[in-house]
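K.L.:
Letter by letter, the chains look like this.
Number of protein chains: 2
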Amino acid sequence: MSSPCSFRELCRKESFTGPTSGILPGYVQANLLIVPRSVASDFEDLCLRNPVACPLLTKTAGSAHVVENHAKFISDSFFDIRRDFPKYNIYLGGKLYQQKSNCMDEWSDDHVGFLIGCSFSFEDALVRAGLVPANVTQGRNVSMFVTTKFLDSAGIFHKCPYVVSMRPYKPSEVDKVRSVTRAFKRTHGEPIDWGFDGAERLGIEDLQKPDYGDPVEMTDDEIPVFWACGVTPQLAITTVGPLIEGFVVGHAPGHMLVLDSTQMF
Amino acid sequence: MSSPCSFRELCRKESFTGPTSGILPGYVQANLLIVPRSVASDFEDLCLRNPVACPLLTKTAGSAHVVENHAKFISDSFFDIRRDFPKYNIYLGGKLYQQKSNCMDEWSDDHVGFLIGCSFSFEDALVRAGLVPANVTQGRNVSMFVTTKFLDSAGIFHKCPYVVSMRPYKPSEVDKVRSVTRAFKRTHGEPIDWGFDGAERLGIEDLQKPDYGDPVEMTDDEIPVFWACGVTPQLAITTVGPLIEGFVVGHAPGHMLVLDSTQMF
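Residue numbers (our numbering), protein chains in the order written: chain A, 6 to 270; chain B, 6 to 270.
Hints in this document: simulated from the structure, not taken from any laboratory.
Take these hints with a grain of salt, some might be off.
If chains are identical, the list can't say which one is meant, so a pair holds when it fits in one copy or spans any two.
[Said to hold, decoys possible] Only pairs whose alpha carbons sit at most 35 Å apart, straight line, appear in this in silico DSBU-like list of lysine-lysine: (1) Lys181 to Lys105; (2) Lys190 to Lys164; (3) Lys181 to Lys18; (4) Lys164 to Lys18; (5) Lys214 to Lys18; (6) Lys214 to Lys164; (7) Lys164 to Lys181; (8) Lys105 to Lys175; (9) Lys18 to Lys175.
Only chain A is shown next, with the shape it has when bound in the complex (with noise of 0.2 Å):
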């Protein structure tokens, strides 16, 4: 695993198989959603509307290789986005139908991809900047939250709601963290709220309740932070499944694309 290539290289054999947390770290990695190309427009029109919880970097034009928008963030080398991530969500009618290690049989001709900013990125610059995030130490997954807040609609997509991450911090490191997390423009960015009135906002009535992930635990002068999360779009294709004909496969949560490149700006 010496390059996000070899690694890409060992997913594509099925050699490879697990998680990315902590894979080549400092590379950018991506989620994946492959959609039927009847609401592959309203798909991305759900991104355009909403960069921050669904961060568009490209698609796939007709073929299984990525070629449109934002190349420079993107392999110049071989990759099939079939076969390059270690694990697939495969859904059918808005449910999950299988988890498998590539998604040769459901891919076809008349299917689009899309490549969509991941936060592990930003994850590894909070603990660059002394800011590590509770669940890393307390060594659990993030927790997140089904919010109240609905993405602006797009086409088919309707009554979506946003899904956010939240990691604990003291009130006096907010400015902190919303810095050092700003400048991943392309991986959800800066918090979308904070604090326990930012709780209420978002429709948030418990936070060691997460819908996914982990419950992590907070002391008394610590706030909770949120974050856009790359749930969003997964949910949102559960949310209008019936409407889509078709399969839709998603990378396994965790199981991400490593890309080659070290940035995302």
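We have chain A; now place chain B onto it with these hints.
P.N.:
Then chain B, alone, in the frame of chain A:
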């Protein structure tokens, strides 16, 4: 008033200081926000993170002339954001301080001007599609509401609510209304939500008590349809006003800049 250029000349000479609704129909109109350079980067981030509510068309670079980004939507001929709008709102400390027909005294080299998409053009398209908004039929200003949906925070811009405009339609018309306005990607685009459940999601309690504009009569078979509204950025300025040193200038509501372009796609 044979052309946008000659209309802007009238404004520059202060021979025209009225609202621009119905002026040179079909030409794109733009909203204005001029902020001190110290908060310009935060304001630009706010727009980029919330493109539906704050659709940024272009910004100035050091002088009064619009030069950067999206130049194809903008005039080839000379225009001056300090004088070419018919009327300006001058803010100080987040409070409306004065209305003037130019902002020559308030503008300085230490200001940055932003042009923002305006929904006049999509209302025209609705009329042409036979979906005449009730406010037009009733000869009233559109109803606008401050919502409990907040922009994704950016720099000093925190806890800034979406403002929405509301136009009532029959449920059977909603699909067509969405399609017609979807194309106006730089001027708020399709509705962000609709229906009485949509009003609830947006925290709107009484549809007959708009925060701006006029109440619009609805029939029993109509539901409210909500678009993001260009008042949002000006409300953001007043929300964080005490944090901003120096003059902020907006167009006076309804008094827009008329551009040379007839489309905004």
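K.L.:
Does each hint hold? Answer for all of them.
P.N.:
Quick rundown of the hints versus the structure:
For the identical chains of this complex, Lys181 and Lys105 are neighbours neither inside a copy (40 Å) nor across copies (40 Å), given an alpha-carbon limit of 35 Å. With identical chains, the CA atoms of Lys190 and Lys164 are at most 35 Å apart both within one copy (25 Å) and between copies (20 Å). Taking CA atoms no more than 35 Å apart as the test, Lys181 paired with Lys18 passes in neither setting, with 42 Å inside one copy and 48 Å between copies. In this assembly of identical chains, the alpha carbons of Lys164 and Lys18 never lie at most 35 Å apart, being 39 Å within a copy and 48 Å across copies at closest.
Within a single copy, Lys214 and Lys18 get their C-alpha atoms no closer than 38 Å, and across copies no closer than 62 Å, so neither meets the 35 Å cut-off. In the homo-oligomer, the alpha carbons of Lys214 and Lys164 lie at most 35 Å apart both inside one protomer (22 Å) and across protomers (25 Å), since each shortest distance falls under that limit. With identical chains, the CA atoms of Lys164 and Lys181 are at most 35 Å apart both within one copy (33 Å) and between copies (18 Å). Neither within a single protomer nor between protomers do Lys105 and Lys175 lie at most 35 Å apart by alpha-carbon distance, with minima of 41 Å and 45 Å respectively.
For a Cα distance limit of 35 Å, the shortest separation of Lys18 from Lys175 qualifies neither inside one copy, at 45 Å, nor across copies, at 55 Å.
Of the numbered hints stated above, those contradicted by the structure are hints 1, 3, 4, 5, 8 and 9, listed in ascending order.
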